[in-house]
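Q: What follows is the residue order along each chain.
There are 2 protein chains.
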Amino acid sequence: MGEFDFIRQYLQRQQSGAEVVLGIGDDAAIVRPLPGLDWCISTDMLLAGRHFFADEAAADIAHKVLAVNLSDMAAMGAQPRWALLSAALPQLNPVWLSSFCDSLFSLAAAHGVTLIGGDTTRGDYVFNITIGGTVPQGQGLRRSGAQVGDDIWLSGRVGLAAAALQQRLGRLRLPETVFAECNQALLRPTPQVALGQALLGVASAALDVSDGVAQDLQHILRASGVGADVDTTQLPTLAALRHGLPESTLLPLLLAGGDDYELLFTAAPAQRAAVAAAGIASGTALSRIGTITEQRQVLHCLDADGHPIKLDQQGYDHFG
Amino acid sequence: MGEFDFIRQYLQRQQSGAEVVLGIGDDAAIVRPLPGLDWCISTDMLLAGRHFFADEAAADIAHKVLAVNLSDMAAMGAQPRWALLSAALPQLNPVWLSSFCDSLFSLAAAHGVTLIGGDTTRGDYVFNITIGGTVPQGQGLRRSGAQVGDDIWLSGRVGLAAAALQQRLGRLRLPETVFAECNQALLRPTPQVALGQALLGVASAALDVSDGVAQDLQHILRASGVGADVDTTQLPTLAALRHGLPESTLLPLLLAGGDDYELLFTAAPAQRAAVAAAGIASGTALSRIGTITEQRQVLHCLDADGHPIKLDQQGYDHFG
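Residue numbers (UniProt numbering), protein chains in the order written: chain A, 1 to 320; chain B, 1 to 320.
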């Protein structure tokens with residue numbers, strides 16, 4: 001099987017998407033703007049050995065590479081629309097490709113995303129997806145809108161993916177069922193797309209947690225010119241982690257673990273009912289974890305006694 | 001230097017682009033549609049050791065990864081607007097990064113392209129650019145419009161990049177000045193952006209030649225349901241290659257070499273004056289190399305006597 005057979009057999013599927021005038025198969029796709037909407041556009045690259053284990057199941061890799069991109073759309077409050085996939089593959093193995101593509105198109109269809117283009121080449125596993133979505137004009141959720149006194153909110157649970165990674169690296173020993181749940185969070189993150197859209201007009205700033213709560217929150221603080229106090233006892237996680245791990249193991253997982261793909265956002269206290277409604281509408285648990293302060297770029301993570309915690313590692317830096 | 005310092009110091013430059021509402025630094029960029037225009041969107045990934053030598057100069061790599069993407073915009077007749085860069089780098093070397101970024105932003109500025117986002121990670125050199133551009137609504141140049149009787153045209157010269165690659169792989173020995181010119185074509189391809197836009201409403205089908213004239217022309221034949229006769233004596237190349245190489249060496253370079261990034265397009269004979277005007281307006285030499293025939297997907301490459309040539313290798317296939 002050659003490159004062009006692969007494209008025709010596996011990638012040129014019938015897909016919907018009223019805005020897609022021309023999909024896979026030309027020099028570029030053609031997408032027609034939708035009236036009154038802005039485009040949000042983002043890209044994420046995943047490499048074997050860095051973002052996933054090289055022997056991970058094809059379906060899990062495909063899910064994750066699209067999910068982390070969908071998570072960026074969620075963080076903008078955008079409706080995902082289309083995606084392009086670049087893939088370097090060591091060979092074209094039909095079993096592997098079927099599994100990869102079925103998983104990719106399944107998650108894409110669940111979010112109304114049309115695969116409109118891409119590039120394939122021979123090489124060690126590298127996957128890059130660029131994704132585009134829409135928000136009502138001028139309403140995209142940015143990192144720069146947090147105001148002093150705003151509540152800080154976090155969706156779902158954090159620390160699970162990091163716990164699974166630590167176990168797979170031999171640095172942690174969780175009970176089997178706990179590891180299984182954490183590993184599922186690592187392999188199959190759920191992008192909070194519905195929640196993001198429900199937060200339009202409600203959240204003052206938002207991002208998705210990919211590098212760890214502490215480091216990602218710092219991005220909001222920098223962009224908004226504010227500070228934050230975070231109550232670490234309110235950080236949502238698996239009960240088995242919260243109660244089964246010593247604090248010195250638990251807190252780095254929760255604050256600096258990364259790979260969570262939950263939404264971290266701020267909203268005025270007057271919006272608490274609206275935030276709760278957004279959580280219910282999207283079927284997502286939401287935790288109020290802290291408050292925006294006026295101390296520019298100063299993040300205090302407080303323990304049960306209200307004392308600041310010193311974190312050795314702030315979060316994931318690809319070149320740190 | 002960490003990942004975020006790199007982004008701030010090297011990538012968050014002041015750029016123009018009226019349609020870019022929000023650039024680098026959030027979860028996604030925000031781009032506002034322009035009235036009456038369609039978006040053309042394309043992506044290309046380049047890997048060390050496959051698309052470029054790992055020790056190539058940073059400025060040359062940066063030029064090429066953007067140029068090949070600009071070439072896809074040219075092939076659609078699109079005005080390039082924005083790009084996203086994903087890069088895997090073994091380390092953050094300030095000298096290397098300065099050179100890479102200066103070259104990238106220089107070519108981007110020359111074409112009015114704003115870098116709106118990207119992703120960086122540690123790994124062997126991999127670069128992926130996704131590019132977006134605009135065409136007047138419904139006018140993008142596709143591969144599917146070639147009609148029986150249309151002329152087949154080729155811009156610039158082909159075979160130079162392939163000749164340089166063959167020499168660098170030790171399979172060819174060109175005079176030094178000839179190699180230097182060919183190597184420049186390999187390292188610094190010139191995307192035919194102005195020509196592409198000048199061909200809107202003139203060309204019936206178009207693409208850019210990246211995998212070799214013969215293979216890329218087959219894409220037009222397949223998409224348009226037609227055939228083609230190509231007069232190989234009319235294939236434009238460097239005189240020193242045409243006259244210095246035996247035909248058995250020359251023709252594979254011209255027909256199946258790849259990495260040319262010239263525009264291959266079809267147009268009705270009634271459009272010859274308009275085609276010539278498009279060449280003059282864009283400062284590009286154009287050669288009429290053949291005719292579209294009604295034999296579906298049958299490509300005849302004819303020698304000086306009008307006899308069909310048999311090519312062993314049709315062109316570049318990443319998994320062939």
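By construction, these hints were calculated from the structure, which means they are not laboratory data. Check the hints yourself; a few may be wrong.
Which stretches of chain A does chain B cover? Using the computed rule of at least three CB atoms under 8 Å from a CB of chain B, they are [stated by the list, open to error]:
#1 20-31
#2 118-126
#3 153-165
#4 287-299
Every residue gets a Cβ at the ideal spot worked out from N, C-alpha and C, and that includes glycine.
Q: In terms of beta carbon proximity below 8 Å, does the stretch 20-31 of chain A have 3 or more residues touching chain B?
A: Since 9 is at least three, the answer is holds.
Q: Counting residues of the stretch 118-126 of chain A whose CB is closer than 8 Å to a CB in chain B, do you get three or more?
A: Holds, because 8 residues of the stretch 118-126 of chain A bring their Cβ atoms closer than 8 Å to Cβ atoms of chain B.
Q: Count the residues of the stretch 287-299 of chain A whose Cβ falls closer than 8 Å to any Cβ of chain B, and tell me whether that reaches three.
A: violated (count 0)
Q: Just to make sure I understand the rule, a stretch counts as covered if three or more of its residues have a C-beta closer than 8 Å to a C-beta of the chain. Does the stretch 153-165 of chain A meet that for chain B?
A: violated (count 0)
Violated hints, listed in ascending order, are 3, 4; each of the other numbered hints is respected by the structure.
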